[in-house]
Amino acid sequence: MQQWFQKISPLLILALLVLIGVGLGVIAWKTQQEKTQALMKLAPMVSDSKKWPATKEASKKAAPNRVFRTLEQLVSEFLMTASNTRPSSSTSNNQKNDAGTLPETYPTAQPSVPGLTPGYQLPN
Amino acid sequence: MLYEFFYRLREHLTLRGVFLWSLLVVFSSIAYVAVGMSFTTSILVMVLACTIIFFFGPASLKNEMAERRWFPVSWHGKLLLLFVLSTDLFLFSLLWGARIVWALQTPWMFFHLSFFLLFALASTVLLWLVWTEDARSMHWITIVHVALFYSVALIVFRLGFGYDPIIHQTAEQYVVDHGRIFPLQPFYIGQYAIVALFHYLTTIPVPLIDRFLLPVFTVITVPAVAYYGLTRAYSIPDRLAGFVSVLILILPLPLLTFTAPYNLTVLYSLWWIFLVPLLFRGTAMEQAAVVLIALAALVTHPLLGLPLVLVSFVGIFLRQHSIYTVRKSIGLSLGLAVLVTFSILGMLALYRLVQGLPPLVVDHLGEKALLFLNFFIPNFLHAWVSWPYIVLYSGATMIPLVVILVGAVVCFRRSAFSQNFRVCIAGLTLGIFVSMFLVTLFIYLPGVVAYEQAEFALRLRASIPIFFLPLFLVGVASFATRVLQRPIVVAIFCIIGGALMAGSWYMTYPRIDAAEDRAGWNAAEHDIKAVRRIEDDAAGASYIVLTDRLLAAVALRELGFDRTMVNARGERLYRYSLWPGDRTFAFAEKVLYGGLTNDDLLALRQDLPNVRIYIAIHEYWYRVQAIERILLDLGATRIASPYGVRVYVFN
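Chains as they are written, first to last, in the numbering used here: chain A, 1 to 124; chain B, 1001 to 1651.
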């Protein structure tokens, strides 16, 4: 019995590895597809932008900022799945600083929406 | 003759490859300074380097790899090999599916936790395979895995990763078009010259060469040089060297993911440290290879290049003199540390002096000392984070420290290393650490924005674990031979190793998560379109654009260096607010942080009369709405622009 098990055990471990690998692969592929397609759907709008309102009044009535809301949603989902917690309020800053610290002289963002674009206000 | 050349090259590819590359970098840099890069100089440099390697290159050694079989003997070994290969290819395909031209902060945003678990699984199986199987295919599968590790940013960010490479690509294109850049500077030459040389020899576009250069060379050379160095220079048995080479991936080295001059010197430093014991007991050609690598680093970026050259020459000097006493060893180590410290500090002080500034800045020393201490406090502890992130970020903080401590212990406990080698490692790392402190205290670099002043000190901090990495791997190899006897212990070791590699993979690239949320944005399609839109809107009129540095860098790459103008004070300004020294840069900062006033606008108009003023703000900038209100109140008009960038104009 023990000899038989020793012979079969590599096969069992391999089968288990393949099973786990395929399972993880399917989940990874499905989520990657969902997340990229959610953004790709907006690609025509991104690459072929329409005229933007040129006055202050029209600017207030601008269309919802769909691309960035989608990005925010994607990041939030990523965080939710990774840690099962809400993301912390963000202070991201496109003046990239490798030291990971904000310049002291600059004002820190007051986040209004958790996620990718702190300070970004949802359109009216 | 040609056959013999390739035969000898094949016989000892690693050292010859490193030797040839370093020769090419050094010779092309000399050609760059002397006559400038062109097709003729590129051919001459190539021929000269190949001739030297043929006649005087490293002597052939017995190629033990050639005696091994290609694939594992056991059927389950073959199947596990297939499992790792197919998993890696699958992960590559997922990365490829996430390629995007849209602005992103992190490449990880499209991937689920399962993606990383799959990588951990593949890493675990790879470690098991490399430990249990003795076949040549183990080295190739290691290279595939290392390629997956370092190519994420290269694949996902279709328009390039990071800010610095955009500037360097423009400079490289200028070198290709004009031969060289005046005034000649003592840095970056190694990268610009080698990119130009490859462009002339292959006609591949410059941005493409630039993007692929470092990640591809890392993937090809790091496993090979590590294997060669560990077996030949650090005297580890052949199979153990293959096993511990994979463990390099547990140390996150983000700088190896994109091409920039300093990042290239990090790669050269890795080569150098894996080969440096050959300075003391290798052949003359192996010694020459180590010195050449240091010279290649020097001409590419002197921050690490200069210490490497100094230590290499001190090492050659010490080879002739054996050190017997502890007192003498300590004295020599301290002397070398002082030499390294003064070389780094002196170089930066000289740079300030050349710019017409006092060499050292002696103010706010207490605050700067606190800043130095702050370098060692993990910043993720400031925010509340859940336990998986605490484990992940603590691990990433601890691993470099563990590498240093284990490496230091191995260096001084293992009798195989000579006292000369110990003196060089101690002097180099101590010198780098002290310079890090002094640079923080006394150096403020002109032309670098305030929040990046700590960059050089941080680079020095990140370089210290690299110099202990081979010694750490020697320690792991020693541990493995003693402990990894029973299969269950091997399996546990491989699982821990696989998990560490997956964590390191995640930490190697910018992240947006519960613990870290300050990643910068990368160039996107809308940036390029916005630059073109402004150019069209101006229709030949003179204009300036106040914007953030990323869009300004994209403009530089799109429009080139020559889009400058002279203001009322006679200063030459770039059209985009790119250079921190320009007045437009200060105005752009006022715009971005919401402080632009009518007085600023008047001052700008006086400085630049009859010039159209554009302001471009990224849609993702956190103050975009507030800035729009201020600009419209000041009388700006918003013009139609690609989605992602808001463009305003003051006519």
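Fair warning: there could be bad hints in the mix.
Claimed, not checked - The following label-pair restraints were derived from C-beta to C-beta distances:
no., chain 1, residue 1, chain 2, residue 2, range
1, B, V1216, A, L14, 50 to 56 Å
2, A, A38, B, Q1485, 49 to 55 Å
3, A, L14, B, Y1593, 34 to 40 Å
4, B, T1564, A, Q33, 42 to 48 Å
5, A, I20, B, V1216, 27 to 33 Å
Hint data in this document are derived by calculation from the structure and do not stem from the laboratory.
In this text, all values refer to a predicted model and were calculated from it rather than measured experimentally.
Every residue, glycine too, gets a C-beta built ideally from N, C-alpha and C.
Tested hints:
no., hint, in the structure
1, B:V1216 x A:L14: 50 to 56 Å, "violated (33 Å)"
2, A:A38 x B:Q1485: 49 to 55 Å, "holds (50 Å)"
3, A:L14 x B:Y1593: 34 to 40 Å, "violated (58 Å)"
4, B:T1564 x A:Q33: 42 to 48 Å, "holds (47 Å)"
5, A:I20 x B:V1216: 27 to 33 Å, "holds (32 Å)"
In this structure, the hints that do not hold are numbers 1, 3, in rising order.
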